[in-house]
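First to last, the protein sequences are chains A and B.
Sequential numbering from 1 applies to the first sequence in the numbering used here.
Sequential numbering from 1 applies to the second sequence in the numbering used here.
Calculated from the structure, these hints are not laboratory results.
One or more of the hints may lead you astray.
As the list claims (entries may be wrong) - Pairs of lysine to any residue, SDA-like flavour, derived with a Cα cap of 20 Å:
| no. | chain 1 | residue 1 | chain 2 | residue 2 |
| --- | --- | --- | --- | --- |
| 1 | A | LYS115 | B | GLY77 |
| 2 | A | LYS115 | B | PRO201 |
| 3 | A | LYS115 | B | GLU301 |
| 4 | A | LYS115 | B | ARG184 |
| 5 | A | LYS165 | B | PRO307 |
| 6 | A | LYS165 | B | GLN306 |
| 7 | A | LYS115 | B | TYR74 |
| 8 | A | LYS165 | B | GLU261 |
| 9 | A | LYS165 | B | ARG49 |
| 10 | A | LYS115 | B | ILE260 |
| 11 | A | LYS115 | B | LYS147 |
| 12 | A | LYS115 | B | ARG257 |
| 13 | A | LYS165 | B | ARG82 |
| 14 | A | LYS115 | B | LEU73 |
| 15 | A | LYS115 | B | GLY38 |
| 16 | A | LYS115 | B | GLY202 |
| 17 | B | LYS147 | B | ARG184 |
| 18 | A | LYS115 | B | GLN306 |
| 19 | A | LYS115 | B | GLU261 |
| 20 | A | LYS115 | B | ALA80 |
Given the structure is predicted, the values throughout are model-derived calculations rather than measurements.
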Amino acid sequence: MDQLLQFVFSGLTVGAVYALVALGFTLIYNASDVINFAQGEFVMLGGMVTVFAHAAGVPLPLAALLAVAVAVVTGLALHRLAIEPARGANAVTLIIITIGASILIRGLAQILFDKQFHRFPSFSGEDPISVLGASILPQSLWVLGGAAVIVAALWLFMERTLLGKAVRATAANRLAARLVGIDTALVLALAFGVSGAIGALAGILVTPITLTSVTVGTLLALKGFAAAMLGGIGNPVGAVAGGLVLGLLEALAAGFISSTYKDAVAFIVIIAVLFVMPQGLLGKRAVERV
Amino acid sequence: MQRRQLIGGLAGAALLALATPSLAQAPIRIGSVLSVTGPASFLGDPEARTLRLYIERINQAGGVLGRRLELVLYDDGGDANRARTFATRLVEDDRVIAVVGGTTTGTSMAMIPVFEEAKTPFISLAGGIEIIEPVKPFTFKTPHTDKMACEKIFEDLKRRGLTRVGLISGTGGFGASMRNQCLRVAGDFGVQIVADERYGPGDTDMTPQLTRIRNVAGGVQAVINADFGQGPAIVTRNFAQLNMGVPLYQSHGVASRSFIELAGAAAEGVRLPAAALLVAEQLPDNDPQKRVVMEYKQLFESTQNQPVSTFGGHAYDGLMILVEAIKRANSTDGTKIRDAIRATRGFIGTGGVVNMSATDHMGLDLSAFRMIEIRGGTWKLID
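The whole structure should be built from the sequences, with the hints applied where relevant.
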């Protein structure tokens, strides 16, 4: 029992990060049909900027704030300099542009920072908390709590604010949204900015546990994308569910089946799910009307 | 125009000749392919710095055989395919006489066929034993093998009377190779591997694997982690989180300051086999390696503004073994240099005392490894 609980804690912590990355994918996908493969770089920036600002003597909360700001600016710049000029292009071209952008961001970060792994202190100590025989790091609670707060804030923003409703309207039907006077370009820019912020927050929360370096973004983008697909691309609730499920699958596979094949197990399950439900766990079936 | 170039060239040569006697001759080209960027950059970066630093110093002191050394260095980013491409370029375009480097076992193994075919002596800086076993005519290496790391750890376990051991290893080249070696030699020391867990290169949480090790029927008395990079730091932190309550052994792959920084307080009490360089100041004065490691450490740290790591030391050893071999061979012919490298006896490097032979292309024995414990946030020599 304590064993199962330990695996669940481990899976949820890792899964919460996948969920936040998947959420970033979802936001931008909804606003533009683009899968932003630079999403993982936002996570990297969140961790790395905080590490270096903190090392330079900036207090941790301020360093974190700075990191979020850097990621937001990067997201906006990515939209303004790379996506906006290619606005007429189809989604595949835009996706390729985001892959290029992710390589550029990683390269610049490598020059600006360094190639080593880094971390900064946990927010509330390193002493593990014992829960029913399983032990959990206080920082894991921060990750889970932080992810919950981010998801709740995003939900409030989408449901309760005019701007959020504009985002949803754009996601539902871009042409119709434009016709009723919604500035869809602004909505897209907003999606990039918010995705940057979410990614950076994920990076800041998780760095004390997982460590960070300029290369962590690639794998996270891949896992986050898998999570978004699993949950049903375009569905924010699905993204969160997909992330948590993927994290749990990995941890449980490592714990109960074989640590050698845990990634394989996780991905086989995803393929099986998508085979039966091509639209993902919570995605809407895409219907082409003729 | 041609004449002006010639005069310019002569003037330049004359200027340089103030430092080095005969630069009229073509320089001796030494090749290198290192993982200066990418996941193994913390190995490749100090290696590249060391090669540049010492080649410059050798040239200031007059070069080798009266000729300057020229380093042709490529960065493979940790990618074995790129390493092989660069290896071909070194042989065919740059026409280097010998190669020092190949940061990881994976990149080294990819390059070996190229150098063997071209009969270019190759001194690898990677740990895996398959580089030199079976012996390949032109391939050598300077770092200790993973097999030696296993033996050194098992020796220590035996001394402490611990026999039931859990193994957790990365699936990367280094971790996989060391895992195999540990499984192979465990029996020789009466050690029983009762758990064998693995994790992927980008994994960020190893508590499931460690929980499995903890819950093995009959329990474990010690845990060995075979890997390098961020993985061992996370394992060490997870190990403390789960309060495993048994000794944790790491490999020589974590022998750099950054491991202690990343693992933090969790690193306390962790033991690992490592080269003498790591504890240079703590060596007794009569230790044969003391002078060499102190000199290297002081020069590296004063010029590079970063703490020395054993990985840069491997590059120092490789370069010096090669330079001495070229001097002894008095030639830049590949086969003659190879014979001279093979005849290396009593070379004192940062990694240990090297005695090569036709059957041993590394030349180190277990005495080259020191058992080290992390205490008070720093390395402590235990034997």
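Check your understanding: Which hints, by number, does the structure contradict?
Key -> 4, 5, 6, 8, 9, 11 and 13
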